[in-house]
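K.L.:
Just need the whole structure built from these sequences, with the hints factored in.
Protein chains: 2
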Amino acid sequence: MTLVLSNEDVESVLTMKICMEALEEAYREEAEGRAVNQLRYDTRMPLPERAERMAHYEFKTMVGIVPKAGVAALRMSSTVNHRPIVHGMERSERLYLAPGNTTVGLIQLYSLETGEPLAFMPDGVLQGMRVGGTYGLALKYLARENAATLGLLGSGWQARFQLAAAGIARKLKLVKVYSPTREHRERFAREVGAELGLDIRPVESAAEAATDVDILVAATNAKEPIITGEFVRKGMHVSAVQSELSDQALAKADFIAAHSSKRYVIYMGGEGQYGKLSPHRPSMVEHEKLPLLEDVIAGKIKGRNRDDEITMFHSGSGMGLQFAAVGARVLKLAKKRGLGKEIPTEWFTQTLHT
Amino acid sequence: MTLVLSNEDVESVLTMKICMEALEEAYREEAEGRAVNQLRYDTRMPLPERAERMAHYEFKTMVGIVPKAGVAALRMSSTVNHRPIVHGMERSERLYLAPGNTTVGLIQLYSLETGEPLAFMPDGVLQGMRVGGTYGLALKYLARENAATLGLLGSGWQARFQLAAAGIARKLKLVKVYSPTREHRERFAREVGAELGLDIRPVESAAEAATDVDILVAATNAKEPIITGEFVRKGMHVSAVQSELSDQALAKADFIAAHSSKRYVIYMGGEGQYGKLSPHRPSMVEHEKLPLLEDVIAGKIKGRNRDDEITMFHSGSGMGLQFAAVGARVLKLAKKRGLGKEIPTEWFTQTLHT
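The listed protein sequences correspond, in order, to chains A and B.
For what it's worth, our numbering labels the leading residue of the first sequence as 22, then goes sequentially.
For what it's worth, our numbering labels the leading residue of the second sequence as 22, then goes sequentially.
A portion of the hints provided could be inaccurate.
[Stated by the list, open to error] Listed below are the simulated SDA-like cross-link pairs for lysine to any residue, each with C-alpha atoms no more than 20 Å apart in a straight line:
#	chain 1	residue 1	chain 2	residue 2
1	A	89	B	70
2	A	362	B	363
3	B	89	A	77
4	A	356	B	372
5	A	362	B	364
6	A	273	A	326
7	A	362	B	71
8	A	362	B	22
9	A	244	A	262
10	A	362	B	368
11	B	89	A	67
12	A	362	B	311
13	A	362	B	366
14	A	38	A	353
15	B	161	B	311
16	B	89	A	70
17	B	89	A	76
18	A	89	B	67
19	A	362	B	372
20	B	362	A	363
21	B	362	A	372
22	B	362	A	25
23	A	89	B	77
24	A	89	B	71
25	A	89	B	69
26	A	362	B	356
27	B	362	A	353
28	B	89	A	89
29	B	356	A	120
30	B	89	A	71
31	B	89	A	363
32	A	89	B	79
Everything labelled a hint here was simulated from the structure, so no lab data went into it.
P.N.:
Dropping the structure here:
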């Protein structure tokens with residue numbers, strides 16, 4: 022039987038601690054050459070007939086194989102996206118157009134022994150946990166040992182997971198959260214503070230959140246820099262995607278780790294036979310030349326050398342092997358609990374000898 | 022509802038004529054920049070513990086979006102493969118290890134309007150028809166108008182589709198078939214001859230099959246050249262994958278068409294961070310520089326100029342957009358006939374706003 026899990030199923034079995042353990046194992050396997058990771062691959066098509074700003078259909082894939090986890094994972098999404106301007110900044114957002122105002126992103130797990138599909142699960146909760154867990158792992162290996170205060174930019178879905186993971190990596194005494202809408206940041210402070218048992222204070226500006234903190238975390242969907250050079254101070258560890266960091270902020274780093282996250286983007290009507298690669302903001306940092314988090318975790322590279330150094334991690338795209346490692350844990354736990362719906366596996370197999 | 026079709030369902034609705042029409046449309050759309058095609062992406066892991074020669078697990082993906090067909094197609098396979106030596110030649114074959122001695126290769130169709138999964142179908146029959154249909158289309162545009170005799174190397178599954186498509190592209194008076202096992206070629210001549218209404222004669226050697234024919238088709242799984250320079254004669258059209266053609270054979274061509282079929286292969290334990298690209302036999306032909314079949318079909322490039330020219334087509338890997346175009350036709354026909362099994366689409370969607 023092939024198991025179909027829901028986001029609720031995933032949420033009910035996957036703790037941030039388990040997620041981070043699975044990710045740590047995946048990175049070690051990757052560092053030792055015992056895992057395979059396909060680059061993320063986005064295929065896009067403009068939808069000029071839609072009213073939303075820059076509406077486009079997008080199909081994404083990434084694949085990872087982790088022998089130790091016994092599975093290959095395909096993460097795919099099939100979505101209609103747009104780029105609204107919110108608070109003067111361009112954001113990348115999905116439209117919920119599938120039946121019942123839903124969207125489609127799936128993790129498909131396959132057996133390395135037989136090839137059969139083991140499970141389908143939505144990627145929402147797992148993606149949030151994976152991103153949070155990845156930044157949490159980086160923080161565990163790069164932040165000062167005694168880091169205890171954290172500034173958080175963003176109060177959405179992802180911010181919660183970032184904070185949960187940071188709270189596992191370090192004992193946090195104080196968290197300051199800023200997001201543009203007062204109501205959002207206040208609710209976040211109240212609700213997530215209670216949930217994670219953390220002292221979270223909403224503050225009036227990004228600059229205030231970044232002041233007097235050991236760790237600065239951005240969890241926004243801004244496509245433009247929100248972390249300026251002034252935000253970054255000695256001894257700090259910074260978690261952010263590259264587009265959230267200004268060049269001045271990046272320039273202050275003593276050590277920046279990344280993970281293997283090159284990606285290909287193919288547009289319809291782009292340049293050349295296969296379209297053109299995604300246009301990136303020119304940056305002083307060549308992402309592909311950065312030291313890898315996996316090598317820091319495996320002890321091949323030392324990240325932080327002194328307490329006053331500034332360290333950063335930006336994860337870029339996800340890696341298929343993260344979904345393999347975490348997905349395999351979810352599947353195991355869900356089976357033990359008897360969760361999910363079943364589809365006969367023979368609906369997906371074939372006898373045909375081609 | 023998301024429809025699940027079987028190979029039998031696909032076979033019962035998809036004729037070679039419909040398949041070739043869908044492919045022709047897909048190529049035209051591609052040539053006009055109205056379709057998107059992801060490069061094929063193979064992710065491999067050696068399985069040294071298995072007894073079979075060069076056993077490895079392999080996960081393949083390719084994606085194509087054809088707006089005119091209304092779908093994005095993901096073709097994926099999750100298989101354990103090996104490389105046995107058969108008749109002194111290395112072959113690439115799958116092991117049937119999924120429950121009931123099966124294997125896993127699926128075409129997943131997604132809606133461009135909503136993102137939802139529309140259908141899952143095995144890739145076996147569709148792949149056979151697609152490859153046959155693609156070579157048939159090339160033959161339609163490149164072979165001499167009066168070509169009427171065909172030499173066929175191979176008598177397997179693929180050979181049947183190649184011949185069906187060739188029989189649609191040209192009126193064939195005589196077919197000569199050779200494959201190493203006498204019983205196989207004799208049965209092929211008898212059965213496929215009756216099925217397609219063609220005069221098919223089994224012959225004793227590849228050289229004999231290639232003698233006095235207007236069209237030469239190789240449909241083998243040989244990893245080494247089987248078409249020598251001597252086989253290729255003035256006025257001939259040759260259908261073969263690059264590995265089946267010797268350099269001498271390739272050198273005789275006046276015109277070689279290909280399709281957009283670059284691929285990435287990532288090995289575990291290979292060179293570099295992402296492994297190394299697939300090792301190819303060094304060849305005088307740079308596949309990526311070949312004129313494209315889509316441009317021949319769209320009339321942008323003229324293939325054959327004179328009756329005595331030698332034309333060739335080798336398709337390399339498949340293209341995602343072929344599976345989108347043909348898969349969409351299969352889905353439409355299957356729905357009209359009420360075929361297949363249904364899975365609630367909400368099993369694959371999510372409400373989560375990430």
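K.L.:
If a hint holds in the structure, say so; if it does not, say that too.
P.N.:
Here's how the hints hold up against the structure:
Proximity of residue 89(A) to residue 70(B) is assessed by CA-CA distance (about 14 Å); at most 20 Å being required, the pair is judged to hold. In summary, the hint linking residue 362(A) to residue 363(B) is supported, as the alpha carbons are separated by about 14 Å, within the 20 Å threshold. At most 20 Å may separate the alpha-carbon atoms for a hinted pair to count; residue 89(B) and residue 77(A) meet this at roughly 15 Å. Between the alpha carbons of residue 356(A) and residue 372(B) the distance comes to roughly 23 Å, so the proposed pair goes past 20 Å and is violated.
Note on residue 362(A) and residue 364(B): the hinted pairing holds, with a Cα-Cα distance of about 11 Å set against a maximum of 20 Å. A C-alpha spacing of about 15 Å is found between residue 273(A) and residue 326(A), which places the hinted pair at or below 20 Å, so the restraint holds. Between residue 362(A) and residue 71(B) the alpha-carbon distance is near 33 Å, which puts this suggested pair outside the 20 Å criterion. With a CA separation close to 15 Å, the supplied pair residue 362(A) and residue 22(B) stays within the 20 Å bound.
Taking the CA atoms of residue 244(A) and residue 262(A), the gap is near 9 Å; set against the 20 Å cutoff, the hint holds. As the CA atoms of residue 362(A) and residue 368(B) are separated by approximately 8 Å, the hinted pair is consistent with the 20 Å bound. As the CA atoms of residue 89(B) and residue 67(A) are separated by approximately 13 Å, the hinted pair is consistent with the 20 Å bound. Pair hint residue 362(A) plus residue 311(B) does not hold up; C-alpha atoms about 49 Å apart against a cutoff of 20 Å.
Distance restraint check for residue 362(A) and residue 366(B): the Cα-Cα separation of roughly 13 Å lies within the 20 Å cut-off, and the hinted pair is therefore satisfied. Distance hint between residue 38(A) and residue 353(A) is fulfilled; the C-alpha atoms sit about 16 Å from each other, no more than 20 Å. Between residue 161(B) and residue 311(B) the alpha-carbon distance is near 18 Å, which keeps this suggested pair within the 20 Å criterion. Restraint check for residue 89(B) and residue 70(A): satisfied, since their Cα atoms lie roughly 14 Å apart, inside the 20 Å limit.
Distance check on the hinted pair: residue 89(B) and residue 76(A) sit about 18 Å apart at the alpha-carbon level, within 20 Å; holds. A C-alpha spacing of about 13 Å is found between residue 89(A) and residue 67(B), which places the hinted pair at or below 20 Å, so the restraint holds. As the CA atoms of residue 362(A) and residue 372(B) are separated by approximately 18 Å, the hinted pair is consistent with the 20 Å bound. At most 20 Å may separate the alpha-carbon atoms for a hinted pair to count; residue 362(B) and residue 363(A) meet this at roughly 14 Å.
For the hint pairing residue 362(B) with residue 372(A), the CA-to-CA distance comes to about 18 Å; that is within 20 Å, so the pair holds. Distance hint between residue 362(B) and residue 25(A) is fulfilled; the C-alpha atoms sit about 16 Å from each other, no more than 20 Å. Distance restraint check for residue 89(A) and residue 77(B): the Cα-Cα separation of roughly 15 Å lies within the 20 Å cut-off, and the hinted pair is therefore satisfied. Distance hint between residue 89(A) and residue 71(B) is fulfilled; the C-alpha atoms sit about 16 Å from each other, no more than 20 Å.
Between residue 89(A) and residue 69(B), the direct Cα distance comes to roughly 14 Å. Compliance with the 20 Å bound is thereby established for this hinted pair. Taken as a hint, the residue 362(A) and residue 356(B) pair is broken in the structure, with Cα atoms around 25 Å apart against an allowance of 20 Å. Of the pairs offered as hints, the one joining residue 362(B) and residue 353(A) is violated, with about 28 Å between alpha carbons and a cut-off of 20 Å exceeded. Restraint check for residue 89(B) and residue 89(A): the C-alpha separation of about 43 Å exceeds 20 Å, so the hint is violated.
Taking the CA atoms of residue 356(B) and residue 120(A), the gap is near 19 Å; set against the 20 Å cutoff, the hint holds. A threshold of 20 Å between alpha carbons decides the hint, and for residue 89(B) with residue 71(A) the separation of about 16 Å falls inside it, so the pair holds. Of the pairs offered as hints, the one joining residue 89(B) and residue 363(A) is violated, with about 34 Å between alpha carbons and a cut-off of 20 Å exceeded. For the given pair, residue 89(A) sits about 16 Å from residue 79(B) by alpha-carbon distance, which is consistent with the 20 Å threshold.
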